[in-house]
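Enquirer: So the sequences go chain by chain: A and B.
Position 57 of the first sequence, counting from 1, maps to 57 under this note's numbering, and the rest follow consecutively.
Quick note, this note's numbering runs 743 ahead of the 1-based positions in the second sequence.
If you're looking for bench data, these hints aren't it; they were derived computationally from the structure.
Computed from a predicted structure; not experimentally measured.
Do not rely on the hints blindly, as some may be mistaken.
Below, simulated EDC-like cross-link-like pairs (lysine to aspartate or glutamate); rule was C-alpha separation at most 16 Å, straight line [to be verified]: (1) K901(B) x E10(A); (2) K906(B) x E382(A); (3) K798(B) x E668(A); (4) K798(B) x E726(A); (5) K836(B) x E859(B); (6) K250(A) x D220(A); (7) K906(B) x D230(A); (8) K815(B) x E382(A).
Now the stretches of chain B that chain A is said to cover, found in silico as 3 or more residues with beta-carbon under 8 Å [said to hold, decoys possible]: (9) 823-834; (10) 852-860.
Here are a few chain A residues that sit away from chain B, every Cβ distance over 12 Å (derived from the structure) [stated by the list, open to error]: (11) K540; (12) R579; (13) I662; (14) L665; (15) L666; (16) G667; (17) K704; (18) F710; (19) S714; (20) S724.
Every residue, glycine too, gets a C-beta built ideally from N, C-alpha and C.
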Amino acid sequence: MTEELEIFLEDCDDQLQMMEDALVDMQSNGASESTIGTIFRAVHTIKGSAGMFGFDDIVTFAHTGENLFDSIRQGDVGVCEEMISLFLLCKDHMEVLINLLTEDKELSAAQKEVGHNLIQRLEGYLPRAQIKEENIEDIPSTIVIEAAKWHISIRFHKDFFTTGMSINSVFKFFNKVGKVLKIQPIIYNIPSIEDINPLHPYIGFEVCLLADLSKSEVEDIFEFIQEDVDLYIFLCDDSDEYNTLVSIRKEPELKNELINAKFIDEDTLIEPELIIPTVEEKEEIVLNQKEEEIVLNQKEEEIVLNQKEEEEEEIVLNQKEEEEEIVLNQKEEEEEIVLNQKEEEEIVLNKKEESSEPKKKAVSSLRVDSSKIDILINYMSEISITNSRILTLIDDEGSEIGETVIHMKQLLEFVSDGIMDMRMVKVGDSFNKFRRIVSDTAKKIGKDVDFVISGEDTELDKTVVERISDPLLHMLRNSIDHGVELPEDRVACGKPAQGRVDLRAYQDSGTIVIEIEDNGKGLDRDRILAKAIENGSVKKNNNLSDSEIYKLIFSAGLSTAETVSAISGRGVGMDVVKRNIEDLRGSVEIESTIGQGSKITIRLPLTLAVIDGFLLQVGDTKYIIPLENIKECIELTTIEQESLNGNEFINVRGEVLPLLDIRLLLGENKSITERQNIVIVYFGKKIVGLLVDELLGEHQTVIKSLGIVFDQLSGISGASVLGSGEIALIFDVARLIELRNEG
Amino acid sequence: MELDLDTEMNLDDMDDDLLVIGDSQQYLFFILAGDIYAIDVNNISEMIEYQAITKVPLMLPYIKGVTNVRGKIITVLDLRERFGLGETKLNYKTSLVITNNIALIIDEVHEVTSVEESNLKESINFGVKIERRFVKNMASYNNTHIVILDCDEVLNIKEISQKRASK
Chain A
1 MTEELEIFLE DCDDQLQMME DALVDMQSNG ASESTIGTIF RAVHTIKGSA GMFGFDDIVT
61 FAHTGENLFD SIRQGDVGVC EEMISLFLLC KDHMEVLINL LTEDKELSAA QKEVGHNLIQ
121 RLEGYLPRAQ IKEENIEDIP STIVIEAAKW HISIRFHKDF FTTGMSINSV FKFFNKVGKV
181 LKIQPIIYNI PSIEDINPLH PYIGFEVCLL ADLSKSEVED IFEFIQEDVD LYIFLCDDSD
241 EYNTLVSIRK EPELKNELIN AKFIDEDTLI EPELIIPTVE EKEEIVLNQK EEEIVLNQKE
301 EEIVLNQKEE EEEEIVLNQK EEEEEIVLNQ KEEEEEIVLN QKEEEEIVLN KKEESSEPKK
361 KAVSSLRVDS SKIDILINYM SEISITNSRI LTLIDDEGSE IGETVIHMKQ LLEFVSDGIM
421 DMRMVKVGDS FNKFRRIVSD TAKKIGKDVD FVISGEDTEL DKTVVERISD PLLHMLRNSI
481 DHGVELPEDR VACGKPAQGR VDLRAYQDSG TIVIEIEDNG KGLDRDRILA KAIENGSVKK
541 NNNLSDSEIY KLIFSAGLST AETVSAISGR GVGMDVVKRN IEDLRGSVEI ESTIGQGSKI
601 TIRLPLTLAV IDGFLLQVGD TKYIIPLENI KECIELTTIE QESLNGNEFI NVRGEVLPLL
661 DIRLLLGENK SITERQNIVI VYFGKKIVGL LVDELLGEHQ TVIKSLGIVF DQLSGISGAS
721 VLGSGEIALI FDVARLIELR NEG
Chain B
744 MELDLDTEMN LDDMDDDLLV IGDSQQYLFF ILAGDIYAID VNNISEMIEY QAITKVPLML
804 PYIKGVTNVR GKIITVLDLR ERFGLGETKL NYKTSLVITN NIALIIDEVH EVTSVEESNL
864 KESINFGVKI ERRFVKNMAS YNNTHIVILD CDEVLNIKEI SQKRASK
């Protein structure tokens, strides 16, 4: 895939997401100007970029959508519930079309059919007028007139010169095809000398050309530059057209210029305000009025800004006056003020364009392939390791070199913190994607669910966000399918008919907590237990605690749903969910009260790549415990050791903690030191004391995979290369605690 | 001078030919517990001197642990123990042969040379000290038969990733 195509696909993803967000918003809050605008822009952007790549399927499809949204934007068509569902389907179809590109596949017949249907349904909403109008536009105006007098009004876009064309060559061409009868340069757009950009053509022309050409042939003169100029061409005899010209140019001075240059008599020109728009223009004017309304709305916000600008402009205005006096010799002050006002309007208009852009774009951002950041992180860690190696080689921290290396170490930490920060994204975007799925799911099974998201601003490593997304979705579906009851059942239980599912994210002591809570019927402890005994995963006479029983839903092949629905109940999934979370060094817990609902709590590390760890030794091997999991370290005296012998618990200041002898767990034989230590670790609410040999101190470390050979090794989540080049293994505290509790 | 240049160029060409022109393939011959074994060089990413290894607990005895090769973490497997020929006794000739992110401990590198396909034979049952499944085929080499190892079987992930049976 080419880089451009990748960018296109990524952009499409964003646009589709924006579209969906806006549509879902519309569903719950009704259509607003901003949501309609967002959707229109998204469709338009996709259409535009798809056109650049020549993806005709997408262009055709998007075009219909764009037309309809244009009409909606102009108020010609209202939005109803049905339409929103239709748009959601269209959005899905658009996604299909775009995904096909990724897979480099052709559109299947069924997909074509879907697209065709959607287009027809979309067109059903289009006002008839617009369809007709398009047809009119298609008819080319090819009335041939001999030696006609053409009025050509031309304004050059500001980057005209960058196209390599010159104004001179335009006039040369005029002379080639006919005879220039009259010419009036339009110079009132030239700014004062301070503001002038020599690369911009501020000048414009009103030309009367006698030529043996039809209108389209005159237009052909400008074929190569038509993108870079504003043209208005009409027959000189048509005085109405002059009125139109004055009105579309929006240049108050133009009228006088035209009269002075004797293009037309004063009498034939009506005041611009009184011009009755021709049928063709009606639409444009409706649009303009709309724009003005928006401008008015925004003007209030801009007032403060504008006042400042007014002050500045006054200065500019004065300078302008002086200059224009030189150039033109006669300029009425009145007109200057009008000009000034017009400029102001333009500024406001520009502002409007800026501010109507989606808010996300306000922060300038750079799109970087996340694998590039991963590479950077990898190199950063290598540099840090090499740097610590230098320090060990110097063996004299007090020397000047030593100090420099230590300084270097600090700087490197800043850099790596900065790089790590780049990986952090807000969970909100990914959470909002669930809205639609939740509402679709609920609708499908006839449940009424209020889906509440909080903590969208919580930041999490991008990889974690990506990998947690599917498990979360699965659990949300479970909550809706198994948790929340049908409206009538809820009412029967004395609960409000509408159920509620909460999705929350927050930071808690070095971990990110994600909670899914519903106020449904809760987990049925006895049924889970019965099911587990039935399929043999639990013995009959067990002594399981409630939370242990709830955890059984994460084991494979256990589903208490009596019927298998399209959404859940197959008993696969929750085990995958648990594994996914554990792969991220996270944990998952369930609380539940019958009749009141359940809460699933997921704890995840802030980031996957780097941890602040505590280095220690057990047997011959060095280990790292993530600092965020450590509560405290206790040194054991020999006497204490003896009293501890064989004991599985330890008394720390009156608190009895379960103890895990790491040496025993790892099958190490003898302690290498006399002194032993206890590291008290916690994960979530669980605390365990780990009996280890030696404590070696803090260590910031990059987590690396141990390799597939060690996949089944539980309790160790990865490895890290130390400054000496040695490798230390990283403990997975959540798993260690589980191992201790399993005995 | 011209002649010299020509020969150099020819040598370059020949090197390529050795790898490309079929019927012959390069093998690493190495010594393990006093016998010579061979591995197809296409399986090997590099060979290094033996270096410090970090023990990883709870694994099968022949999984010695991990080692750091230029920042990369590589699993180390004692080939002698894998074949049931006893643990490798380290000396200055002990080397690591890295294949597929796993380093094999061998006693000594013998040589890298090419073997013509006509010199390859089906595995034979007698005189081979290791399990038959590890043998891909045999090569005639200096008038003896040398075992060419089946790397896929030697590094069978399912098998070597098992945990040590608890005592």
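Enquirer: Against this structure, judge whether each hint is valid.
Expert: Hints, one by one, checked against the model:
1. K901(B) x E10(A): At roughly 38 Å apart (the allowed maximum being 16 Å), E10(A) and K901(B) break the hint.
2. K906(B) x E382(A): Not satisfied, since the Cα-Cα distance of roughly 31 Å exceeds 16 Å.
3. K798(B) x E668(A): holds (11 Å)
4. K798(B) x E726(A): holds (11 Å)
5. K836(B) x E859(B): Given that 16 Å is the threshold and the Cα spacing comes to 28 Å, the pair is violated.
6. K250(A) x D220(A): Roughly 25 Å between the alpha carbons, so the hint for K250(A) and D220(A) is violated.
7. K906(B) x D230(A): violated (77 Å)
8. K815(B) x E382(A): holds (10 Å)
9. 823-834: violated (count 0)
10. 852-860: violated (count 0)
11. K540: holds (26 Å)
12. R579: Per Cβ check, R579(A) is outside 12 Å of chain B; nearest 16 Å; holds.
13. I662: violated (9 Å)
14. L665: Contrary to the label, L665(A) does not stay out of reach of chain B, its closest Cβ about 8 Å off (not over 12 Å).
15. L666: L666(A) is in fact no farther than 12 Å from some Cβ atom of chain B, at 4 Å.
16. G667: About 6 Å separates G667(A) from the closest Cβ of chain B, which leaves it inside 12 Å; violated.
17. K704: Nearest chain B Cβ is 5 Å from K704(A), so the label is violated.
18. F710: violated (6 Å)
19. S714: At roughly 9 Å from the nearest Cβ of chain B, S714(A) sits no farther out than 12 Å, so the non-interface label is violated.
20. S724: S724(A) not clear of chain B: closest Cβ-Cβ about 9 Å, inside 12 Å.
The structure does not agree with the numbered hints 1, 2, 5, 6, 7, 9, 10, 13, 14, 15, 16, 17, 18, 19 and 20 stated previously, though it agrees with the rest.
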